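Taken in sequence, the protein lines are chains A and B.
In terms of numbering that gives the first Met the number 0, the first sequence opens at residue 0 and continues consecutively.
In terms of numbering that gives the first Met the number 0, the second sequence opens at residue 0 and continues consecutively.
Hint data in this document are derived by calculation from the structure and do not stem from the laboratory.
This structure is a prediction, so every number in the text was calculated from the model and none was measured.
Do not rely on the hints blindly, as some may be mistaken.
To be verified - Partner residues aside, some chain A positions facing chain B, computed with beta carbon under 7 Å:
(1) Gly115
(2) Pro161
(3) Gln169
(4) Gly170
Note that the Cβ used here is the ideal one computed from N, Cα and C, for glycine as well.
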Amino acid sequence: MDRVTQSCMVYTDEAPEGVSDAVKTALKPFEVKWSVHPEHPTFGGHGGWPGCLVSNEDWPKVFAALKDEANFEYLVDHTAVDYPDRKPERFTVLGLAQNLETQERLMVRTRVAEGGAVPTLTHLWMSADWAERETFDMFGIRFAGHPELTRIYMPQDFDGWPLRRDFPMQGHNRFRD
Amino acid sequence: MSEVTQTEMSDLMEASGSSECSILLSTVRAVSSWSRKNSMWPLPLGLSCCGIEFMATAMSRYDMARFGMEVARFSPRQADLLLVAGTLTYKMAQVMTRLYDQMAEPKWVISMGACASSGGMYRSYSVVQGIDEFVPVDFYISGCPPRPDSVLNVLMKLQDKIDRDNTYNLTLETPEPGAAAPLEEQTVLGGRRHGPPIALATAGERFVKPGPQRSMARGVKPEETR
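Just chain B, with the same shape it has in the complex:
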């Protein structure tokens, strides 16, 4: 909340004719950033040993709660931060993409550890070589696995970023009727699911795998699977 300088505040106090100021001036952006960064609810996607380190970070010895992040949510609807901790396979990448799509804006992503950031030592046909093939990443944590202090360091850096961040503006404009949708609907790269495909609200074109989308039906004929 550094939008109003001390001098301006003194002037306001003088103008009001009182030495006690009962009004605190700020901007909506500053207040919203402040509340966002101090009430970050992570969705831990613990895929391998990095998940254990994340658990250590959340437990009392390192105590992530000191930064307003103690509420690890296992529903993407309630989470602000997708924390991908561990080796991501292509099959799981479909699940991760779907979880990311289900999170409400604003949302952030941290890639924890070597595997999530670059595939790590798994240079193989089944492992995603960096989760940024599928979702936009705000921070990468090095280490195999990273120590809890690295995680805390990056969480604090993320708080700084949110404080600075002007990406998400708060204008509540309603789109004009008849205006083109900002992004065309895409089929989610989800895992097996039932029901009609879910339209992506936010994912840009670069995060959608090119080529024909998969058929989710079980009972795909073997010759079609090839």
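Only chain A is shown next, with the shape it has when bound in the complex:
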């Protein structure tokens, strides 16, 4: 099976269908690329949620604007994807925010290179604390400004980042055969 090393997403300047005016207004000050899946253009992204790509500096500001102006008060998910062949920014960090009244969701992406850092979201959502620690634990992506960025699942002395695609499935264990 070929491993997925490149994102298939296409990025445009036009907001896809289904993005509310409140979101468009909130994101006006930022340079935002809207993501479109080539086979499902109306979805605007994987999983049926509109998605957008922002820069590292805008990452916390976009979420702050969504939270304060568009009432996206809930951080649903926070994770990352590894595309090992994409240069120079290998990782895509994802945050999924939701408006609990309208049930609208927006998946915000940013890209970061290996060894790079993304600003933290812990000042916006307490729940981002453990989520970012998990992303750090699994991918080795740092989050600048995080109060305590240590491994959360794996032992502190664990060697490697398990969800990177170049990490061996069985880890560095010596297996007895």
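Starting from the known structure of chain A, fit chain B onto it as the hints suggest.
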């Protein structure tokens, strides 16, 4: 208690001039083994579905109490038998090693089920491929999970082993002053804890992970974690 034969007992009765014997002769080892095997207090380390089967073993349908084992202790200080039931991850292995170190001698370990014995179907970076990487195991139980009768079978086998066992002698010799300690102190592979490291009294060198020991401090810098 088979140290004194029937003939020897008859001779003793004759020599005492009475047909009623009020003295029962045995050895300290036999008595201590007998009391140990019939008052086994397990520390159940139920890590996954094997823990449910162990609960079934302890409950009234299978009734582990028939063998003097009904007192499941959740403090290692009061337990004789560490029963590891389920999938052991490396993170939990540190906790298990610490629990084992806190148990008083004599102590025994049973590895219950495929996961505890060999990692089972989890051939993965996070799962210990057999708990004997960390603690010495007396018995392995096969099954995924094992049925309660398998557990009872092994518990009875363990009782036989303790009855036969001469590993733990009862000599109460005090070490000579100035004698070298039998085992050098090692840092426990414990989980997060506070306070100074605890010295291992019993764990041999082979059960201590080679290489530098972990730092327990939270707030390890990310670059040091790598």
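Okay, the hints, checked on the actual structure:
1. Gly115: violated (12 Å)
2. Pro161: holds (6 Å)
3. Gln169: Since the shortest Cβ distance to chain B is 6 Å, the answer is holds.
4. Gly170: Holds, because the Cβ-Cβ distance from Gly170(A) to chain B comes to roughly 2 Å (cut-off 7 Å).
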